[in-house]
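Q: Read off the chains here:
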Amino acid sequence: MTEPLTTAVTPEDPAAPELSVAPRVSVAPEVPEPLAQRRIPRRTVLMAGAAALPCLAGSALVVSWLTALADDGAAANGEPIVGAYDPTEHTWGFVVDTNRCIGCGLCVVACKDENDVPEDPEYSRTWVERHTTTADGVVHVDSPQGGINGFEAGVAQMSVEGALVTDVRFVPRLCMQCEESPCTSVCPVGATYRTADGVILIDEERCIGCGYCVVACPYGARYIVPAGPVTPRGVAGVADKCTFCYHRITNGRKPACVEACPVGARIFGDMDDPASPVSVALRRVPTTVIKPDLGTKPHVYYVGLEGEAG
Amino acid sequence: MNLTVAGRRLVLDPRAAYRAGVAEVARTPRPLKVWYSVLLVLMAIGAIGAFLTLAPGTEVFGTTPSFEWGLLIAAYVFFAITTSGLCLGSSLGTVFGIDMFRPLEKRHAILAVLSLTTAFGIIALDLHFPVRMVFGAVFNPSFSSPMWWMGAFYAVYLVFLLVEVWSMFTGHDRVHRYACFASSCTAVLAPLTLGAVFGVLFSRAYWHGPFTPITMLVTALLAGSALLAIVFFFVVRFRLAGFERARRLAIPSIRILLGVALVASLLLLARALVDGLTSADPDLHGATMTLVSGPLAVPFWARSIAGLVIPLAIILIPATRTVAGTGLAGGLVFVGVFVDRLLFVTAGQIIPTTTVGGVVSESFVLYTPSFVEVSIVAAAFALVAFVYTLAERYLDLREAEIHMGFHLPAFMRPWRERMVARLTPAAPVEPIEGTMGGAP
Numbered sequence: 000m001t002e003p004l005t006t007a008v009t010p011e012d013p014a015a016p017e018l019s020v021a022p023r024v025s026v027a028p029e030v031p032e033p034l035a036q037r038r039i040p041r042r043t044v045l046m047a048g049a050a051a052l053p054c055l056a057g058s059a060l061v062v063s064w065l066t067a068l069a070d071d072g073a074a075a076n077g078e079p080i081v082g083a084y085d086p087t088e089h090t091w092g093f094v095v096d097t098n099r100c101i102g103c104g105l106c107v108v109a110c111k112d113e114n115d116v117p118e119d120p121e122y123s124r125t126w127v128e129r130h131t132t133t134a135d136g137v138v139h140v141d142s143p144q145g146g147i148n149g150f151e152a153g154v155a156q157m158s159v160e161g162a163l164v165t166d167v168r169f170v171p172r173l174c175m176q177c178e179e180s181p182c183t184s185v186c187p188v189g190a191t192y193r194t195a196d197g198v199i200l201i202d203e204e205r206c207i208g209c210g211y212c213v214v215a216c217p218y219g220a221r222y223i224v225p226a227g228p229v230t231p232r233g234v235a236g237v238a239d240k241c242t243f244c245y246h247r248i249t250n251g252r253k254p255a256c257v258e259a260c261p262v263g264a265r266i267f268g269d270m271d272d273p274a275s276p277v278s279v280a281l282r283r284v285p286t287t288v289i290k291p292d293l294g295t296k297p298h299v300y301y302v303g304l305e306g307e308a309g
Numbered sequence: 000m001n002l003t004v005a006g007r008r009l010v011l012d013p014r015a016a017y018r019a020g021v022a023e024v025a026r027t028p029r030p031l032k033v034w035y036s037v038l039l040v041l042m043a044i045g046a047i048g049a050f051l052t053l054a055p056g057t058e059v060f061g062t063t064p065s066f067e068w069g070l071l072i073a074a075y076v077f078f079a080i081t082t083s084g085l086c087l088g089s090s091l092g093t094v095f096g097i098d099m100f101r102p103l104e105k106r107h108a109i110l111a112v113l114s115l116t117t118a119f120g121i122i123a124l125d126l127h128f129p130v131r132m133v134f135g136a137v138f139n140p141s142f143s144s145p146m147w148w149m150g151a152f153y154a155v156y157l158v159f160l161l162v163e164v165w166s167m168f169t170g171h172d173r174v175h176r177y178a179c180f181a182s183s184c185t186a187v188l189a190p191l192t193l194g195a196v197f198g199v200l201f202s203r204a205y206w207h208g209p210f211t212p213i214t215m216l217v218t219a220l221l222a223g224s225a226l227l228a229i230v231f232f233f234v235v236r237f238r239l240a241g242f243e244r245a246r247r248l249a250i251p252s253i254r255i256l257l258g259v260a261l262v263a264s265l266l267l268l269a270r271a272l273v274d275g276l277t278s279a280d281p282d283l284h285g286a287t288m289t290l291v292s293g294p295l296a297v298p299f300w301a302r303s304i305a306g307l308v309i310p311l312a313i314i315l316i317p318a319t320r321t322v323a324g325t326g327l328a329g330g331l332v333f334v335g336v337f338v339d340r341l342l343f344v345t346a347g348q349i350i351p352t353t354t355v356g357g358v359v360s361e362s363f364v365l366y367t368p369s370f371v372e373v374s375i376v377a378a379a380f381a382l383v384a385f386v387y388t389l390a391e392r393y394l395d396l397r398e399a400e401i402h403m404g405f406h407l408p409a410f411m412r413p414w415r416e417r418m419v420a421r422l423t424p425a426a427p428v429e430p431i432e433g434t435m436g437g438a439p
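Each protein sequence line maps, in turn, to chains A and B. Taking numbering that gives the first Met the number 0, I'd label the letters of the first sequence as residues 0 to 309. Taking numbering that gives the first Met the number 0, I'd label the letters of the second sequence as residues 0 to 439.
FYI, nobody ran anything at the bench for these hints, they're computed from the structure. Among the clues, some could well be false.
[As the list claims (entries may be wrong)] Here are some, though not all, of the chain B residues that point toward chain A, as calculated from beta-carbon distances under 8 Å:
1) Asp12
2) Arg14
3) Arg29
4) Ala49
5) Leu51
6) Thr52
7) Ser65
8) Trp68
9) Ser141
10) Ser144
11) His207
12) Pro413
[Unchecked claim] With the Cβ distance kept under 10 Å, some of the chain A side facing chain B (calculated, not the full set):
13) Cys186
14) Arg221
15) Ser278
Backbone N, C-alpha and C define an ideal beta-carbon position, used for all residues, glycine too.
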C-alpha cells in the first residue's frame, strides 16, 4: 500500500518531526466543538438570514433573466410563434402587379392602421412610388408622402415637362423578405432573423437600435421606431419593417395591405402551394425582382417592371 | 487617511481634501483656469445633450431613416481610429524597440485610453439600448456581423490598453511588454473590422469594397500621428515633462509617421476618386460626384488641400520642418480627418435607395446635425482635452524607464542605428529631465 502524499500532523503527535519552518503538509485543524455545544448568537442568525434573502432573490432574478434570454434565442432561430402554426410547411411569397396598381394609397393607410406605424411618411412599412418614364428612357421616381394620400391625376410631381412621357406606373414597395438577407447577417446581436417560412422578423426585446440593418437594407425598407403616441408593438428605438403582417398570416389571414387593395395589385400566398394566388401568378405572368444583381433573392416579385428593374 | 497613487498622496479626509483642492485651484495658473473653464462649460452643455438622448426612440438627432448614421457615428469612428492610430505609431517604440519612438510611450497610452473610452461613450449615446447591447453581444453573439467583431476587438483593446498603462506606471516590465504587443496587434485588427462594418454593405456603393478597411487603417495612423504631433508641440512649447527628448526624438519620429500616413492617404484618395468617377455603378459614381462637384465639394476639397496636401508640404519643405510646423501640420491633419470621417459617413448615404437607378425627385438625401449631436461631440473633445490636461499636470509623463524586449530583427538593426544617428545630435542625449506637470 502506498503512503499517502500528505500526512495529517496534529500538535499532540509525538512522532511529528520538529521543523523550523512550516511543514508542507496539511495540518488537521483542532477537533471542533460539537455543534450542539456551540452557541450561535441569535443576532448573527438573523443578520445572515437578512443578507441571504436579497442574495437569493438576486440569483433568482439573474437565473430567470438568463432563461428568458435563452428562450429568446429559441424564438430567434425561427421557432413557431403561434401554437398550431407550423412555419416549416409554408414559404410565403408576394407578387406586386404594377400594371394594376392605381396609386390610391389605401394599402399604405391599411398598413399604418394595422401595425401602428407612425404617420410620418419617413416611417413606412410599405409605400408607393410613381415611376415616370420619358422618351429618352430615363425613369423619374417620386413618392410624395409615401403615397399615403394617393397620386392626384395629371399633376406632375417631378419636372419632366417638355419631355414626352412614355410610361407612368405605380410601384408599391415593402420589405423584400430576402433569402440572402443583408440585414440579418449584419445584426450584431441576432435580433433580426429569418423564420422557416421565409419571413424576416425583428425581436424587439433584443434589438439594440444601432441602425446597422437600416443602412444595410438595399431597399430602404427599414427604420428605427421613433418615440411617439403610436409605435409598432409598443416599443420605440428598435428597428421595424414589413413582416407580411406575420400576426395575421400565421392565423390564416391575408396581410392588411392585400386585403385593402381595391384592384388586386397585391397578391399574397404560399409558394409551396401550387394553387395559391402567388403560385398561379408566378406561373402565368413574367415577373422580376428589384435589384436582382445584388443576389439577395427577394420573395417579393414584380409584374411590369421588367424594363427598368435592376 | 491617505492613498498613494502613482507616487502622489491623495487625501481622503473630506475636509482635508477640500482644503487641498482649494489650495490646488489657487496654485493653478490663470490661463490654465480659463482653459479648464471652457472645457467644463462644453462638457456641461454636452451632458445636457446626452441626457436628452437617453429615452429610446427620442428624436433629438438630425438623422432620418434614409440617413440613419450621422455625426455621432462619424465621431465614434474618428475617436476609435484615433486610438488605434496612436498605438500603431507608438508600437514602433514600444514593440519594436526603435529608440526614437520611445518618448511617445506614456502620452500615447493615456491618449489612447481616453480616446477609446470617449468613443465608447459616444456610441452608447447613439444606440437606443446600449445596456442591451452589452448583454446581447455576450449572450447572443452574431459572428457573421462585422459590428460584433469590431465591438469585441475594441473591448479587448481597451483591456490591453488599461493593462499597458497600469504596468507602465507601476514598472511591471514583463506585463508591460506583452500588453504593448497585444494592444499593438489589436490596434491593427480593430480599425480593419471597423472598416469592414462599412465595407461589407453592398447596399451602399460608396462604402462597399475591400479598400474601405485598408483606408480606415491608414486613416487611423493619420489621426493618431496628428494627435501626437499636436500634443508634442505643446510639450515642447510649454516645456512640459521630458520636453528636450521630445524635441529631439519625438517630433522627428512623429514627422516620419505623419509623412508616411499622408502619402498613403493621398494615394488611397486618388484611387477612390479614379474608381468612383469611372465607375459604371450609378450609386458609386453619384456619391463620388457629390464630393467632387456636388453638395459635399466644399468640405471635400478644403479637407483634401488643407488636411492632406498642405500638411505634407509643411513636412517636406526644410524651412517648415520645425516643431511649430509639425504642430501646425498635425492640427490641420487632425481636423481634416474628422471632416473626412463625416464626409465618409455622409457620402455613403447621400444617394437615395430607390427601386431603380432612375432620377429621383430628391436627388440627394441631405443631413444636418442637430444641436444635441454637435454638443455631444464638442463635449467629447472637451472631455479628452480636460482629462489629458490633468494627466499632463499631475502624472509623470517622462519617458518610461522600462523598455521593450521585442527587438528588431538583426538585418534591421543597422537601419535603426542609422536613423537614430541621423536624428540625434552629435552630443549625447542628456539624461531624461523635466519635472512633473510644468504648467503653461
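Q: All hints, please: hold or fail.
A: Do the hints match the structure? See the list:
1. The restraint placing aspartate 12 of chain B at the interface with chain A is violated, with a minimum CB-CB distance near 30 Å, outside the 8 Å limit.
2. The closest approach between the C-beta of arginine 14 of chain B and any C-beta of chain A is roughly 33 Å, which is over the 8 Å cut-off, so the hint fails.
3. Checking arginine 29 of chain B against chain A: minimum C-beta separation of about 45 Å lies over 8 Å; hint violated.
4. Because the closest C-beta pair between alanine 49 of chain B and chain A is about 16 Å apart, greater than 8 Å, the hint is violated.
5. Because the closest C-beta pair between leucine 51 of chain B and chain A is about 12 Å apart, greater than 8 Å, the hint is violated.
6. Against a cut-off of 8 Å between C-beta atoms, the interface hint on threonine 52 of chain B is violated, since the closest Cβ of chain A lies about 10 Å away.
7. Annotation: interface hint on serine 65 of chain B holds; nearest CB of chain A at approximately 7 Å, less than 8 Å.
8. This hint holds: tryptophan 68 of chain B has a C-beta 6 Å from the nearest C-beta of chain A, less than the 8 Å allowed.
9. Taken as an interface hint, serine 141 of chain B checks out: its beta carbon lies about 5 Å from the nearest beta carbon of chain A, inside 8 Å.
10. With its C-beta approaching chain A no nearer than about 4 Å, serine 144 of chain B sits inside the 8 Å limit, and its interface hint holds.
11. At about 10 Å, the closest approach between the beta carbon of histidine 207 of chain B and any beta carbon in chain A exceeds 8 Å, and the interface hint on this residue is violated.
12. With a least beta-carbon distance of about 47 Å to chain A, the hint placing proline 413 of chain B at the interface is violated under the 8 Å criterion.
13. Given the 10 Å rule on beta carbons, the hint for cysteine 186 of chain A holds: about 6 Å separates it from the nearest Cβ of chain B.
14. Taken as an interface hint, arginine 221 of chain A checks out: its beta carbon lies about 7 Å from the nearest beta carbon of chain B, inside 10 Å.
15. Restraint check, serine 278 of chain A versus chain B: the minimum CB separation of about 24 Å is more than 10 Å; hint violated.
In this structure, the earlier hints numbered 1, 2, 3, 4, 5, 6, 11, 12, 15 are contradicted, and the remaining ones agree with it.
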